[in-house]
Amino acid sequence: QVQLVESGGGLVQTGGSLRLSCAASASIFSFNAMGWYRQAPGKQRELVAVIIRGGSTNYADSVKGRFTVSRDYAKNTVYLQMNSLKPEDTAVYYCNARISLHEYWGQGTQVTASS
Numbered sequence: 559q560v561q562l563v564e565s566g567g568g569l570v571q572t573g574g575s576l577r578l579s580c581a582a583s584a585s586i587f588s589f590n591a592m593g594w595y596r597q598a599p600g601k602q603r604e605l606v607a608v609i610i611r612g613g614s615t616n617y618a619d620s621v622k623g624r625f626t627v628s629r630d631y632a633k634n635t636v637y638l639q640m641n642s643l644k645p646e647d648t649a650v651y652y653c654n655a656r657i658s659l660h661e662y663w664g665q666g667t668q669v670t671a672s673s
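Residue numbers (my numbering): 559 to 673.
Mixed in with the good hints there might be a few duds.
[What the hints assert, rightly or not] Below are the DSSO-like pairs computed for lysine-lysine, each with C-alpha atoms no more than 30 Å apart in a straight line:
| id | residue 1 | residue 2 |
| --- | --- | --- |
| 1 | 622 | 601 |
| 2 | 601 | 644 |
| 3 | 622 | 633 |
What the hints contain is simulated information worked out from the structure, not anything from laboratory work. Everything numeric in this text was worked out from a predicted model, so none of it was measured.
Given the sequences, and given the hints that come with them, work out the whole structure.
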């Protein structure tokens, strides 16, 4: 069982920045992929960004050029740097990890961008 703990959410003005962190309870070196999803009120959970084992990344069109996903093997942590935040980025952000056939989720962290 792998535990994921997110941190770094909060309230920021439009145009501001936040960095989310996701600390895993196990080595992330062998993880197939780690990523970030978000869910706004009344909407389905959606993929924001993912980084796979080989280092390739993928982003939702709505965040390309503004968000960057990265990882630190030494800290077993994945980050999401969010710049130029918009009100439509407001959501609960969840960390996700895929290991073989298993999938794990964090508890979520609230991000609110006020206009």
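Against the structure, the hints:
| no. | hint | verdict |
| --- | --- | --- |
| 1 | 622 / 601 | holds (20 Å) |
| 2 | 601 / 644 | holds (17 Å) |
| 3 | 622 / 633 | holds (26 Å) |
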